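These are the residues of each chain, in order.
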Amino acid sequence: MLQPPYASGPSLPDTSRLVRVLKLELKGITKRFGSLVANDHIDVVVEPGQIHCLLGENGAGKSTLMNVLYGLYEPTEGEILIDDKPVTFRGPGDAMAAGIGMVHQHFMLVPVFTVAENVALGAETTKTGGFLDLEDTRRKIREISDRYGFDVDPDALIEDLPVGVQQRVEIIKALVRDAKVLILDEPTAVLTPQDTDELLDIMRQLKSHGTSIVFISHKLREVKAVSDTITVIRRGKVVGSADPGASTTELASMMVGRAVSLTLDKAPANPQETTFEVKDLTVIAPSGQHVVDGISFGIARGEILAIAGVQGNGQTELTEAILGLHERAHGSITLDGEELLGRSVKDVLNAGVGFVPEDRSLDGLIGTFSIAENLILDRYDQAPFAKGISMSPAKVLENAKTRIEEFDVRTPSGMLAAGTLSGGNQQKVVMARELSRPLRLFIASQPTRGVDVGSIEFLHKRIVAERDHGTPVMIVSTELDEVIELADRIAVLYKGRLVGIVPAGTGRDVLGLMMAGVSLDEAQADAAGKHSAQRPAPTTAENPAGNTAENPAGTPAANPATTPATSQAPAAPSVQEPGSGAVGDHHE
Amino acid sequence: MSTTATSPVQGESQPDKGRRPAVSTKPVTWKLPVTLSVLATIAFIFFGLLGPQANAKFGVSSGGDFFQLPAIDVPAFLSGMVLSLILLGLAGYALVLKAKKNVRPPSWLPAVFTVVFVVAFLIWVVGGARTPSISLAGLIAGSVTLAVPIVFGSLSGVLCERAGVVNIAIESQLLGGAFTAALVASLTHNPYLGLLAAAVAGALVSMVLALFSIKYVVNQIIVGVVLNVLVSGLTGFLFTTVMQSDPEKYNSPAELPIIDIPVLSGIPVIGPILFKQSVVGYLMYVAVIVIWVALFKTKWGLRVRAVGEHPQAADTLGINVNATRFWNVTLGGAVAGIGGSFFTLVAIDSFTKEISGGRGFIALAAMILGRWNPIGAFFAALLFGFADNLQSIVTIIGTPVPSQFMAMLPYVVTVFAVAGLVGRSRPPAADGIPYIKG
Numbered sequence: 001m002l003q004p005p006y007a008s009g010p011s012l013p014d015t016s017r018l019v020r021v022l023k024l025e026l027k028g029i030t031k032r033f034g035s036l037v038a039n040d041h042i043d044v045v046v047e048p049g050q051i052h053c054l055l056g057e058n059g060a061g062k063s064t065l066m067n068v069l070y071g072l073y074e075p076t077e078g079e080i081l082i083d084d085k086p087v088t089f090r091g092p093g094d095a096m097a098a099g100i101g102m103v104h105q106h107f108m109l110v111p112v113f114t115v116a117e118n119v120a121l122g123a124e125t126t127k128t129g130g131f132l133d134l135e136d137t138r139r140k141i142r143e144i145s146d147r148y149g150f151d152v153d154p155d156a157l158i159e160d161l162p163v164g165v166q167q168r169v170e171i172i173k174a175l176v177r178d179a180k181v182l183i184l185d186e187p188t189a190v191l192t193p194q195d196t197d198e199l200l201d202i203m204r205q206l207k208s209h210g211t212s213i214v215f216i217s218h219k220l221r222e223v224k225a226v227s228d229t230i231t232v233i234r235r236g237k238v239v240g241s242a243d244p245g246a247s248t249t250e251l252a253s254m255m256v257g258r259a260v261s262l263t264l265d266k267a268p269a270n271p272q273e274t275t276f277e278v279k280d281l282t283v284i285a286p287s288g289q290h291v292v293d294g295i296s297f298g299i300a301r302g303e304i305l306a307i308a309g310v311q312g313n314g315q316t317e318l319t320e321a322i323l324g325l326h327e328r329a330h331g332s333i334t335l336d337g338e339e340l341l342g343r344s345v346k347d348v349l350n351a352g353v354g355f356v357p358e359d360r361s362l363d364g365l366i367g368t369f370s371i372a373e374n375l376i377l378d379r380y381d382q383a384p385f386a387k388g389i390s391m392s393p394a395k396v397l398e399n400a401k402t403r404i405e406e407f408d409v410r411t412p413s414g415m416l417a418a419g420t421l422s423g424g425n426q427q428k429v430v431m432a433r434e435l436s437r438p439l440r441l442f443i444a445s446q447p448t449r450g451v452d453v454g455s456i457e458f459l460h461k462r463i464v465a466e467r468d469h470g471t472p473v474m475i476v477s478t479e480l481d482e483v484i485e486l487a488d489r490i491a492v493l494y495k496g497r498l499v500g501i502v503p504a505g506t507g508r509d510v511l512g513l514m515m516a517g518v519s520l521d522e523a524q525a526d527a528a529g530k531h532s533a534q535r536p537a538p539t540t541a542e543n544p545a546g547n548t549a550e551n552p553a554g555t556p557a558a559n560p561a562t563t564p565a566t567s568q569a570p571a572a573p574s575v576q577e578p579g580s581g582a583v584g585d586h587h588e
Numbered sequence: 001m002s003t004t005a006t007s008p009v010q011g012e013s014q015p016d017k018g019r020r021p022a023v024s025t026k027p028v029t030w031k032l033p034v035t036l037s038v039l040a041t042i043a044f045i046f047f048g049l050l051g052p053q054a055n056a057k058f059g060v061s062s063g064g065d066f067f068q069l070p071a072i073d074v075p076a077f078l079s080g081m082v083l084s085l086i087l088l089g090l091a092g093y094a095l096v097l098k099a100k101k102n103v104r105p106p107s108w109l110p111a112v113f114t115v116v117f118v119v120a121f122l123i124w125v126v127g128g129a130r131t132p133s134i135s136l137a138g139l140i141a142g143s144v145t146l147a148v149p150i151v152f153g154s155l156s157g158v159l160c161e162r163a164g165v166v167n168i169a170i171e172s173q174l175l176g177g178a179f180t181a182a183l184v185a186s187l188t189h190n191p192y193l194g195l196l197a198a199a200v201a202g203a204l205v206s207m208v209l210a211l212f213s214i215k216y217v218v219n220q221i222i223v224g225v226v227l228n229v230l231v232s233g234l235t236g237f238l239f240t241t242v243m244q245s246d247p248e249k250y251n252s253p254a255e256l257p258i259i260d261i262p263v264l265s266g267i268p269v270i271g272p273i274l275f276k277q278s279v280v281g282y283l284m285y286v287a288v289i290v291i292w293v294a295l296f297k298t299k300w301g302l303r304v305r306a307v308g309e310h311p312q313a314a315d316t317l318g319i320n321v322n323a324t325r326f327w328n329v330t331l332g333g334a335v336a337g338i339g340g341s342f343f344t345l346v347a348i349d350s351f352t353k354e355i356s357g358g359r360g361f362i363a364l365a366a367m368i369l370g371r372w373n374p375i376g377a378f379f380a381a382l383l384f385g386f387a388d389n390l391q392s393i394v395t396i397i398g399t400p401v402p403s404q405f406m407a408m409l410p411y412v413v414t415v416f417a418v419a420g421l422v423g424r425s426r427p428p429a430a431d432g433i434p435y436i437k438g
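Line order of the protein sequences matches chains A and B. Residue 212 in the numbering used here sits at position 212 of the first sequence, with consecutive numbering throughout. Residue 75 in the numbering used here sits at position 75 of the second sequence, with consecutive numbering throughout.
Careful, some of the hints might be misleading.
[As the list claims (entries may be wrong)] Estimated spans, in silico, between C-beta atoms of each pair: (1) A:Ser344 / B:Asn102: 52 to 62 Å; (2) B:Asn102 / A:Val45: 55 to 65 Å; (3) A:Ser344 / B:Val103: 34 to 44 Å; (4) B:Val103 / A:Arg258: 55 to 65 Å; (5) A:Asp347 / B:Asn320: 37 to 47 Å; (6) A:Pro384 / B:Val103: 52 to 62 Å; (7) A:Pro412 / B:Lys215: 19 to 29 Å; (8) B:Asn102 / A:His330: 13 to 23 Å.
[Stated by the list, open to error] Here are the computed lysine to any residue pairs in the SDA-like style, where the Cα-Cα straight-line distance is at most 20 Å: (9) B:Lys101 / A:Gly288; (10) B:Lys101 / A:His290; (11) B:Lys437 / A:Phe33; (12) A:Lys127 / B:Phe296; (13) B:Lys297 / A:Glu124; (14) B:Lys98 / A:Gly288; (15) B:Lys297 / A:Gly288; (16) B:Lys437 / A:Thr76; (17) B:Lys437 / A:Leu36; (18) A:Lys266 / A:Glu479; (19) B:Lys31 / A:Ser287; (20) B:Lys98 / A:His290; (21) B:Lys437 / A:Pro286; (22) B:Lys297 / A:Leu134; (23) B:Lys437 / A:Gly34; (24) A:Lys127 / B:Gly301; (25) B:Lys297 / A:Asp155; (26) B:Lys98 / A:Ser287; (27) B:Lys101 / A:Ser287; (28) B:Lys98 / A:Gln289; (29) B:Lys297 / A:Thr128; (30) B:Lys297 / A:Ser287; (31) A:Lys127 / B:Thr298; (32) B:Lys31 / A:Gln289; (33) B:Lys98 / A:Glu47; (34) B:Lys297 / A:Asp136.
Keep in mind the hints are simulated off the structure, nothing from the lab. Owing to the predicted nature of the structure, the values given are computational and were not obtained by experimental measurement. Even for Gly, the Cβ is constructed at its ideal location relative to N, Cα and C.
Put together the whole structure using the sequences plus the hints.
Next up, the structure:
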């Protein structure tokens with residue numbers, strides 16, 4: 001196994017602090033839900049003191065496997081070995097007692113409890129008579145908090161804490177229970193780029209203190225930055241292990257099962273006149289809060305504007321206001337000079353607005369309706385699908401056939417319920433519906449959330465095709481990678497306000513700081529300062545190792561781009577020109 | 001990576017620390033200031049401008065007290081004016097706070113407002129009565145008596161809902177307890193066995209709720225409603241077929257004696273409330289305190305609350321969510337059953353159909369008004385007991401207000417208290433949501 005360079009050097013594991021480490025082995029784990037095989041004879045060995053990454057797409061079976069390991073599911077077959085001895089977990093309690101801790105993707109914290117109460121829960125220290133002794137818990141929290149520089153107040157209410165800090169509370173929860181192996185399930189999904197970097201540092205620190213980590217992710221950049229070993233899982237099976245030095249393209253191909261192109265072939269934008277304009281838009285929530293606060297921007301024909309920001313900073317309300325779903329929206333939204341604000345949703349759609357909502361299962365599709373029906377949800381009452389009060393099922397099916405072919409929806413029939421499709425195929429159905437009428441504006445919210453890598457490629461191409469067709473396009477995404485990939489210009493939202501609009505090619509650090517509310521100028525200065533301060537970016541250091549290990553036939557083209565972009569330091573103190581090449585490989 | 005190398009990174013992301021999701025602050029609405037203003041205006045018109053000219057007389061001591069306090073004599077019109085002006089002032093302050101600073105009034109304000117309003121109302125009612133004199137001690141002691149079953153019922157609600165099961169079946173638990181207590185105490189001639197049997201009966205009714213809502217995941221509201229109808233029908237049927245056949249044998253329960261603690265029970269006003277009660281009455285105070293301490297100070301309580309707020313989190317920490325819920329609901333039923341025994345073993349000396357008379361639902365309201373907190377629920381239940389008692393006393397002394405309106409009082413209080421004065425109270429997050437593993 002190849003030891004990444006950052007693990008050696010001055011900060012070798014401090015053996016004086018090393019606690020009992022354990023070796024964890026999953027042997028032939030199989031988990032079936034009815035006829036569905038979520039895990040198929042999976043073998044994984046987590047060596048002591050390592051960061052072991054489980055890499056796989058959404059739905060590959062990673063979380064199921066970890067829930068088996070954590071005692072939440074009972075495996076159908078197979079066994080778990082700890083230090084070569086087989087163990088059975090009847091519940092999370094058993095797993096914790098064996099030294100396994102887990103940080104779930106959706107935090108398992110009681111929002112109205114304090115940090116101390118959450119940490120104590122299930123492993124309470126009590127005085128006589130069952131009375132809680134929270135002082136003991138507070139002491140332990142302070143101890144761990146000091147050791148890792150967490151800065152967590154034991155008496156803060158969880159609901160008042162930012163997401164990044166909540167995650168640290170989860171880690172503390174596991175450490176208080178003496179976890180020797182820590183499972184992190186998609187831990188970066190909810191974090192800003194800065195928070196993510198801090199988390200990766202925390203993971204390295206934990207490792208140096210002797211805690212093994214199982215890191216579940218589908219984000220190649222992070223996986224490469226921090227892992228010692230990578231096990232790739234696809235459709236419930238282990239398809240192989242990889243070296244963290246392998247190229248992103250190689251890892252992506254293993255993950256998806258075929259060669260994928262990570263770089264989107266995108267011609268430079270050719271913006272024409274600005275036809276869509278938002279002026280001083282303010283949206284007031286029922287609570288009276290200004291969830292969108294005086295936003296103004298315009299989108300030109302043939303241009304993609306990406307709205308970046310951490311989840312919950314007003315993106316949802318912004319798109320809803322454009323669609324006419326918000327009653328308390330003030331300002332002006334014009335399309336070709338026509339005012340959209342105050343019109344009904346149907347009017348707005350008929351004005352030529354295509355909309356892909358962020359939650360497709362809730363707002364994009366009716367799961368129990370057939371694919372064919374879902375494809376005409378917006379035009380069921382129009383010719384050729386409707387004649388007077390009757391519908392024409394033949395026309396509906398005919399339309400479905402064309403769309404399914406055009407958008408490569410993988411399904412045996414258009415009569416199947418849309419809910420039975422995979423995430424990627426569902427999204428294709430939504431996209432097919434929205435793009436199948438002439439548009440004057442196309443809005444896609446989280447266009448590839450929960451979508452497999454193969455479909456992402458396809459969906460992105462369709463979005464760019466719509467742009468090239470001369471439609472103004474607005475993308476809302478919390479995935480910075482996607483924003484960088486698609487955008488011609490990037491608008492960053494923070495607490496309902498527009499922090500700034502920057503051209504494509506703006507550095508990841510600058511965008512990350514802006515997503516945390518730092519103004520554009522400050523963010524640039526800050527990012528520049530970081531580089532001059534010689535931040536030892538471990539990700540850069542891995543590249544020499546990576547280049548020797550990788551490069552099988554078939555993926556040579558993407559490799560040169562890997563080097564600058566996987567690292568966080570493409571030396572971007574200022575805003576870069578679009579298409580300068582620094583955004584070469586960012587698609588993870 | 002060494003710690004020195006990571007420190008600049010952490011330093012740089014300082015602006016990040018204050019980040020919070022955009023939608024999180026609680027709304028400050030006009031509801032409370034407007035409600036207060038309307039009430040204050042009503043008070044000013046009726047208690048002040050149209051107030052009676054007579055003096056209202058309030059007796060403080062009763063005959064058994066070991067020292068006597070003189071009765072309070074209040075000029076009704078003058079005090080009505082003064083108190084309603086205070087109410088207008090308080091309402092105005094709340095309006096100004098909302099308009100100028102957009103903040104909610106301090107929490108003492110609604111409480112003080114309520115107390116002043118009630119006092120003004122009392123003086124107005126008594127001052128306008130044919131015999132403008134009532135015993136304050138009797139009024140309060142009666143309120144506590146009427147509140148006992150409501151307190152037990154709301155404690156049952158707190159126990160169930162803190163664990164995440166909606167208990168709309170309090171009424172049936174009270175009724176089941178009342179019936180069983182009467183039957184067992186009649187047959188055994190031992191009221192304490194009756195009390196015990198009532199707890200068991202309440203627990204059994206609750207187990208049905210627990211079984212269906214937790215194990216078979218039937219909608220909790222529906223199971224609750226069905227239980228209310230079922231127990232009402234069952235006790236009604238058994239009352240006519242069994243109890244009516246030989247009331248001497250089956251429906252003349254031995255009563256729980258009133259235990260009078262010497263000297264202490266002689267303290268004016270509070271003496272009889274605290275120190276001249278039946279076993280059930282004393283148990284009520286004990287139950288309120290014990291349940292509060294258990295919920296908020298013990299390991300058991302932390303787990304129960306976690307199960308009601310975020311069952312999945314509790315599960316991942318090795319806590320058995322559904323077992324916790326099952327036993328909490330059962331315990332709640334036992335508590336409500338004891339409350340039910342108060343009807344047949346203390347208040348009235350026999351069982352009649354529908355003896356609980358909807359107090360289970362008032363208990364539900366008391367639980368909400370008390371914000372799912374045993375002590376809050378206790379005081380809320382006292383408020384309902386007070387309203388209930390006031391209407392009967394006031395009808396006796398003869399007021400200008402039609403008795404039908406006075407009979408509405410407890411329910412009007414319920415509506416105003418729950419809708420207007422509490423503001424937004426937050427139930428346990430997983431209240432009423434069944435937990436299905438996986």
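To see whether the hints hold, each was checked on the structure:
1. A:Ser344 / B:Asn102: 52 to 62 Å: violated (32 Å)
2. B:Asn102 / A:Val45: 55 to 65 Å: holds (59 Å)
3. A:Ser344 / B:Val103: 34 to 44 Å: holds (37 Å)
4. B:Val103 / A:Arg258: 55 to 65 Å: Given a distance of about 60 Å, which is inside 55 to 65 Å, the answer is holds.
5. A:Asp347 / B:Asn320: 37 to 47 Å: violated (54 Å)
6. A:Pro384 / B:Val103: 52 to 62 Å: holds (59 Å)
7. A:Pro412 / B:Lys215: 19 to 29 Å: violated (39 Å)
8. B:Asn102 / A:His330: 13 to 23 Å: Holds: the Cβ-Cβ distance is about 18 Å, inside 13 to 23 Å.
9. B:Lys101 / A:Gly288: Satisfied, since the Cα-Cα distance of roughly 14 Å is no more than 20 Å.
10. B:Lys101 / A:His290: The given pair, whose Cα atoms are some 17 Å apart, holds under the 20 Å limit.
11. B:Lys437 / A:Phe33: holds (13 Å)
12. A:Lys127 / B:Phe296: holds (14 Å)
13. B:Lys297 / A:Glu124: Roughly 12 Å between the alpha carbons, so the hint for B:Lys297 and A:Glu124 holds.
14. B:Lys98 / A:Gly288: OK: B:Lys98 and A:Gly288 at ~13 Å, within 20 Å.
15. B:Lys297 / A:Gly288: Between B:Lys297 and A:Gly288 the Cα gap is close to 36 Å, so the pair fails against 20 Å, i.e. violated.
16. B:Lys437 / A:Thr76: Holds, at about 17 Å.
17. B:Lys437 / A:Leu36: holds (18 Å)
18. A:Lys266 / A:Glu479: holds (19 Å)
19. B:Lys31 / A:Ser287: Satisfied, since the Cα-Cα distance of roughly 13 Å is no more than 20 Å.
20. B:Lys98 / A:His290: holds (17 Å)
21. B:Lys437 / A:Pro286: violated (34 Å)
22. B:Lys297 / A:Leu134: Holds, because 10 Å separates the two Cα atoms, which is no more than 20 Å.
23. B:Lys437 / A:Gly34: Judged against 20 Å, a Cα distance of about 16 Å means the pair holds.
24. A:Lys127 / B:Gly301: Holds, at roughly 14 Å.
25. B:Lys297 / A:Asp155: holds (15 Å)
26. B:Lys98 / A:Ser287: With Cα atoms ~14 Å apart, B:Lys98 and A:Ser287 stay inside 20 Å; holds.
27. B:Lys101 / A:Ser287: Measuring from Cα to Cα gives roughly 16 Å; hence the hint holds.
28. B:Lys98 / A:Gln289: holds (15 Å)
29. B:Lys297 / A:Thr128: holds (12 Å)
30. B:Lys297 / A:Ser287: violated (33 Å)
31. A:Lys127 / B:Thr298: Holds, at roughly 9 Å.
32. B:Lys31 / A:Gln289: holds (17 Å)
33. B:Lys98 / A:Glu47: Between B:Lys98 and A:Glu47 the Cα gap is close to 61 Å, so the pair fails against 20 Å, i.e. violated.
34. B:Lys297 / A:Asp136: This hinted pair holds, its Cα atoms lying about 14 Å apart.
Against the hints set out earlier in the document, violations occur for numbers 1, 5, 7, 15, 21, 30 and 33.
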